[in-house]
Amino acid sequence: MITRLASLLQPRTWMARWIAQRHPRQNGIATLHRQRIYILPTRYGLLFAVMLLVILLGAMNYGSNLAFALCFLLGGLALVGMYHTHDNLLQLKIEILGVSPVFAGETLRFQLRLENPGSRARYGITIESPEGQWAAYRVPPRQAIRAELKIPTTQRGYLACPRFAISTEYPLALFHAWTWLNLAADGLVYPRPAELIEQPQLSLRERPGQHSQNNHLAGSEDFNGLRKYRSGDAQRHIAWRAVARGRGLFTKEFVDALDTETWLNFNAWPNTDVEERLSRLCAQILATEERGSNYGLRLPTEAIKPDQGITHQNACLKALALFQHGKTRA
Amino acid sequence: MDILKLPDKLLLPVILALTLASAPLFVWLPAWLAPLALAIGLYRWRASRMVWREPGKGLRYILAGSIVAGVYASYGTINGREPGATLLVGMAVLKLMETRSRRDAVILLFLSYFCAATTFLFAQSGPLSLYLFVVVLTTTTVLIQITQNSEYLIPWRIALAESGKMVAQALPMMVILFFLFPRLSAPLWGVPNMSNRGYTGLSDIMSPGSVSELIPTQTVAFRVHFPITPAPEKRDLYWRGPVLWQYDGKTWTAGTTPRDQTYTETAARELTSAPVKYEVILEPHGERWLLALDIPIQADYPQTSVLDDSLIARAPITERIRYRATSVTGQRRQAVLPRSTKSQALQLPSHMNPRTLALAKQWASQEPNPQAVIRRALTWFHDQPYHYTLSPPTLGTQGVDDFMFETRKGFCEHYAGAFTYLMRAAGIPARVVTGYQGGERNPFGDYLIIRQSDAHAWTEVWIDGTGWQRVDPTAFIDPSRVDNGLLGFNEHPDRSLNFFDRVRLTWDATNYQWNRWVLGFNSEQQHKTLAKIGLPQLGLREQLLLMVGAMSIVLLILTFGSLWRRNEAAMDPAQRLYMVFCDRLASLGIVHLNHEGPQDFAARASALRPDLAAHIQQFVKIYVRTRYARSRGTNDPDALSVMRATLRSLSSLAWRKRIAPTYAAPPTNTPRTP
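First to last, the sequence lines map onto chains X and R. Numbering of the first sequence is given in the working numbering, commencing with residue 1 and proceeding in unit increments. Numbering of the second sequence is given in the working numbering, commencing with residue 331 and proceeding in unit increments.
Hints should not be assumed to be uniformly reliable.
[Said to hold, decoys possible] Derived contacts from chain R toward chain X, CB cut-off under 7 angstroms, selection only:
no.: 1; residue: V436
no.: 2; residue: L483
no.: 3; residue: I484
no.: 4; residue: P485
no.: 5; residue: V550
Honestly, the hints are just simulated from the structure, not real lab data. We put the CB at the ideal spot given by N, CA and C, even for glycine.
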């Protein structure tokens, strides 16, 4: 009871709860309605009001009717501006399109789609993250644009898109109209890759009966020729000289005399903290993928068979991100 | 790129807005301000081009200090209208110097608005208002641009259109507030004594003989409108200004000895003619007197006192004002001249002008009464070879004698001065009254224009049992001795109006109406206006409520206007055609029901009107395909034109076979859901 009273006395807590109640999590496309758009004067607005008051006093004192008129015109302008600021957000449609996974410590960029169903362009539509990062957009009439909501990350796992503000001060910046959006979307955050201390132990294994020249496997040792670039090919294998000559993207194909395969094991560092182990595994996955070797991941809960390629890498990273992670996708 | 920093390309528009807004103020402000402002503006602009170094903090403090010092040096104070405006412009320019962020620029634009408002404390003419309206438009346009925290500019065309739209929408608010905002009838704090700038026109001293040439200027002194009675004859239009009592042999002055409070004289006076009501719009002249017709008995300008039958304002008139007054003209009665006043009215410098003194004494002894002396003197001016000229010779130390017997050339000041001198010498209390005589009627507006060239001086003599009586000796000079080319003093020669006169007078009439309306709206007018629209006796609270109510209505209209636009916009063309289709069928008695989808509705309609079934089915088929199959979008022009054609033939078919509806659903007003 006492804590409740205390929380009532703290306007921030009280406000936060009220905001949370008014803006529950929402699926799909959010349309900004009259009831959920708030508007308050900005600091410019307050300054403007003070200026109007001074003009009014001057007009009264010197009995200048035109100074009165100008004061009233500016007052009317502010009111009309208030209406336009509010109108600038009204009926705007916002949808979260998706978000690419990032490593912890990097910034999640939620892709938003802002649609303006009206016949007037919307200027100065600002997307503001809870951390105060913002960017202003304009949405042409009857069109949609892409916008980004940048959320910094610290931990691996799913990060639910936080409640963020969409606001505008267009046209005169005398008023700030805004609403909070609480859209259902999760960003996947991989563990932060550790500084690589040891190279992953490759268990080199000769494959009997596959020694002939033709049976060389793709590898990193000997240059074998060029082939068309495929998505996911390592950058350092791109034939940059060919690119420079304008022939397009080609990948240098190497072959290893030996087939390499490695298992990346959670239990490799017995006395290390779980998060640190995941970080190291993450770094190893990246390094091995880069080298073009096949690798598998062995966690206490699951094992992923050796393979390579971007899909495999992402699957491994996702397994790391969600390892012993209580929260599942919202 | 820092978005909150003011982009260089927006600096020039800000400077432009500030320049436009402050330009008119320089007319009234000290001469050193304009070059300073120009220099700083130029410096800032060059600095932005990286040509010059950005101004440092020290320099800015020095400049701020010197502006304050300059204001103090120019006005001796930093309070009041001119010093305040000088400081405002000075500080705006300094702010410009350190403007780097958008925030600074917004403050500069606010200062632009402020400058525009301040200008209206100095002048309120029509062209100025138009100009400042443009200033508001420009400033708002730049403000819209500046407050976009984005690296992209809004196209200027759109920013201007947006600002124009908003200013237009703000106009009704302005009108409402203007008429309903409660007005005060007195200033909040004392309007300080303004500096005495060189205004042309009347002055409260008169030195006949010290000027060798009087250049009449066509500058307007004031304008007068007689709302009830027609204007009096031109020869009766004596506009009264300051009264001069003291003569030192060279100069007539108002004198310093306190005279009796003259309002008691006014009260004690019997009116001998009907009071005339009129309305004056007085141009600023930097002095305290208000011009009034003949003997004013009442005026509505605040804090006006009456001295020697002239109206005196509390503070110098430094802006155009409007007041209404009531006067009596011609003869009026007053019983007693207080002793102290009488002695002033007989004051003469000792041992001067012996010939004039002798002449007056001679008349006084020969004539039986003062009236006869006055007649004698006027006859003298008429019969002797006196000339009326604006280029009289200068007079010596015995000024009156020189004029009376040697030069005999002069204008109204000479005659009024000499006549008063004569009267006093003959023992008749007399005083000099300065003011204006006559006025030009503007045929394009019901008012008179009185110019500085109509300035005049005459005499008032005290007749026991009658009171002060006006005598204008200048009027008695033989017309043949009035210089050619002079308009004379009481009769403008009639001339036909040429094109330029017409343009000038029309322009003057327009301005006059503007000033009359703009200057005249005060708390009293406000109540009258409210009474006119059927709202008399509104209390302060009711008036405020009415104001807020009216403003809300304007905002509501704005909101509903946009709602309507939005609904229109939200509907795609196919949907709109479907609405028309439903309307057509409704007129045939087949009303679309809320729960019906298009196909159900079509089926029901076809059953009711088999003759139209083919068209109905075709329309709905295309509608459904266009709207829901989304093959080519709802804007598919082919589908839309087919729908339109079907609709047309459906209508014409229904028209040709007007068959009574077999079934009519209950009419419903609820919206249809296609």
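Checked hints:
The beta carbon of R/V436 comes within 6 angstroms of a beta carbon in chain X, closer than 7 angstroms, and the hint placing it at the interface holds. Because the smallest distance between the Cβ of R/L483 and any Cβ of chain X comes to about 10 angstroms, over 7 angstroms, the interface hint for this residue is violated. With a least beta-carbon distance of about 6 angstroms to chain X, the hint placing R/I484 at the interface is held under the 7 angstroms criterion. Here the hint on R/P485 is broken, as its CB sits about 10 angstroms from the closest CB of chain X, past 7 angstroms.
Violation of the interface hint for R/V550 is found here, the shortest Cβ-Cβ separation to chain X being roughly 20 angstroms, above the 7 angstroms cut-off.
Hints 2, 4 and 5 from the list above are not met by this structure, while the remaining hints are.
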